[in-house]
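Please work from the sequences and hints to get the whole structure.
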Amino acid sequence: MQEDDAPFDFKAWREAKGLSYRATARVFGVALSTIQEWEKRGADKPIEWACYWLNLHPETISQRAPAKPPLFTRGGTPGVLDGLTGALKKS
1 MQEDDAPFDF KAWREAKGLS YRATARVFGV ALSTIQEWEK RGADKPIEWA CYWLNLHPET
61 ISQRAPAKPP LFTRGGTPGV LDGLTGALKK S
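Position 39 of the sequence shown, counting from 1, maps to 39 under the working numbering, and the rest follow consecutively.
The set of hints was computed from the structure by calculation and includes no laboratory data. Do not take every clue at face value.
What the hints assert, rightly or not - Lysine to any residue pairs mimicking SDA-like chemistry, simulated, CA-CA at most 25 Å apart:
#1 K45 to A65
#2 K11 to E59
#3 K40 to R14
#4 K45 to E15
#5 K40 to V30
#6 K45 to S62
Said to hold, decoys possible - Taking CB as the label site, the calculated pair distances span:
#7 P7 to S33: 14 to 22 Å
#8 K11 to R64: 17 to 25 Å
#9 Q63 to A6: 24 to 32 Å
#10 K45 to K17: 25 to 33 Å
#11 E59 to A6: 27 to 35 Å
#12 G29 to N55: 13 to 21 Å
#13 W53 to G18: 15 to 23 Å
#14 Q63 to Y21: 28 to 36 Å
#15 E15 to L56: 15 to 23 Å
#16 K11 to P58: 13 to 21 Å
#17 E15 to T60: 16 to 24 Å
#18 D44 to Y21: 17 to 25 Å
#19 E37 to K17: 17 to 25 Å
Idealized CB from N, CA, C, for every residue including glycine.
Structure, rendered in structure tokens:
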């Protein structure tokens, strides 16, 4: 944790953890816009403390931000709903 009054660099923390915006939003239970705001203006002390706690308990991140497959095809990777939409088009 930082000792001075400088704002916490939330973006650096998120990137060091290798988290996307969406995964970070799931970990904290907030909207994507909240994550973007924390990165823009710097996060408050309670957020810094939460990040410090998450550093001590990294299993919490993996439990709250599991990788989920995309709903539709992205970059050649089939999505969860691709088969459903194909079946609907044939009907």
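Hint-by-hint comparison with the structure:
At roughly 22 Å between alpha-carbon atoms, K45 and A65 fall within 25 Å of each other, so this suggested pair holds. Pair hint K11 plus E59 holds up; C-alpha atoms about 20 Å apart against a cutoff of 25 Å. For the hint pairing K40 with R14, the CA-to-CA distance comes to about 13 Å; that is within 25 Å, so the pair holds. Between K45 and E15 the CA atoms are separated by roughly 19 Å; this keeps the pair inside 25 Å, and the hint holds.
For the suggested pair K40 and V30, the alpha carbons sit about 16 Å apart, so the restraint of at most 25 Å is met. A C-alpha spacing of about 23 Å is found between K45 and S62, which places the hinted pair at or below 25 Å, so the restraint holds. One distance hint, 14 to 22 Å for the beta-carbon pair P7 and S33, holds here, with the actual separation near 18 Å. For K11 and R64, the Cβ-Cβ distance of about 19 Å falls inside the hinted range of 17 to 25 Å, so the restraint holds.
The hinted range of 24 to 32 Å is satisfied by Q63 and A6, whose Cβ atoms lie roughly 31 Å apart. Evaluation of the 25 to 33 Å hint for K45 and K17 yields a failure: the beta carbon distance comes to about 19 Å. Against the hinted window of 27 to 35 Å, the Cβ-Cβ separation of E59 and A6 comes to about 29 Å, which satisfies the hint. Checked against the hint of 13 to 21 Å, the pair G29 and N55 passes, with Cβ atoms roughly 18 Å apart.
Under the hint 15 to 23 Å, the C-beta atoms of W53 and G18, about 18 Å apart, fit the expected range. Distance hint check for Q63 and Y21: the Cβ-Cβ separation is about 19 Å, which falls outside the suggested range of 28 to 36 Å. Under the hint 15 to 23 Å, the C-beta atoms of E15 and L56, about 19 Å apart, fit the expected range. Between K11 and P58 the beta carbon distance is about 19 Å. The supplied range of 13 to 21 Å therefore holds.
At roughly 18 Å, the beta carbons of E15 and T60 sit within the given window of 16 to 24 Å. Restraint check, D44 to Y21: a C-beta distance of roughly 19 Å satisfies the suggested window 17 to 25 Å. About 18 Å separates the C-beta atoms of E37 and K17, a value consistent with the hinted range of 17 to 25 Å.
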